[in-house]
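Colleague: Sequence:
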Amino acid sequence: MPLVLLLSSLYLFYTVKVSAVEVTTPEEIFVENETDVKLPCTFTSVEVISSAASVSWSFQPEGAATRISFFYYSNGKPYTGKDIPFKDRVTWAGDLNKKDASISISNMQFQDNGTYICDVKNPPDIVVKPGEIRLRVVEKDSLPAFPIAMVAGIVIGTVTGLTLLISIVVCLVMRKNNSKKRYSG
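For the sequence shown, the positions run -3 to 181 when this note's numbering is used.
If you're looking for bench data, these hints aren't it; they were derived computationally from the structure.
It should be emphasised that the depicted structure is a prediction, and the values quoted were computed from it without experimental measurement.
One or more of the hints may lead you astray.
As the list claims (entries may be wrong) - The list that follows gives simulated cross-link-like pairs (lysine to any residue, SDA-like), each with its CA atoms no further than 20 Å apart:
id : residue 1 : residue 2
1  : Lys136    : Val169
2  : Lys34     : Asn109
3  : Lys95     : Ser52
4  : Lys94     : Ser46
5  : Lys83     : Leu131
6  : Lys136    : Glu24
7  : Lys117    : Glu128
8  : Lys117    : Val42
I would like the entire structure built from these sequences, with the hints used as guidance.
Modeller: Take a look at the structure:
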């Protein structure tokens, strides 16, 4: 009897595979009031994307304990709820074949502040840790033209690149001078 159990367990282990979908979203997005925003959501799956794949988006308003499901995509068709905060403002912006589950929301309002949750299922890949985006709607013209992190990255990259270039030139000049001394001596 134990042999039968062992063989059954091994058979199930090697034939029934449930793997995980990995969902990737930015942690935080800032958007100006009354503008449109794309909520990026990408995913990886070891399985081929099938017609059974689906995407659902939900929203948890700032300070609220519950989530509101407001968008569902399956079999190439988007579905939105009737009494949702984003009625007639949500559009599908993704492509499941490219592993993109993004949506766009138009005319963002201050009451749209909160957490947006992207959940992707691609059977048999059904184990998912959904991606969460904390979204902040701010006054128009309050966002910097260039994000500070981007400017800092550009400056640091430029300084590092120039330092590396100067170091290479100095090393080549020193090497050339050393080889001339050895040759003439």
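Colleague: All the hints need checking, so say for each whether the structure fits it.
Modeller: The hints, checked one at a time:
no.: 1; hint: Lys136 with Val169; verdict: violated (54 Å)
no.: 2; hint: Lys34 with Asn109; verdict: holds (14 Å)
no.: 3; hint: Lys95 with Ser52; verdict: holds (14 Å)
no.: 4; hint: Lys94 with Ser46; verdict: holds (12 Å)
no.: 5; hint: Lys83 with Leu131; verdict: holds (18 Å)
no.: 6; hint: Lys136 with Glu24; verdict: holds (18 Å)
no.: 7; hint: Lys117 with Glu128; verdict: holds (15 Å)
no.: 8; hint: Lys117 with Val42; verdict: holds (12 Å)
The earlier numbered hint that this structure contradicts is number 1, and it is the only one.
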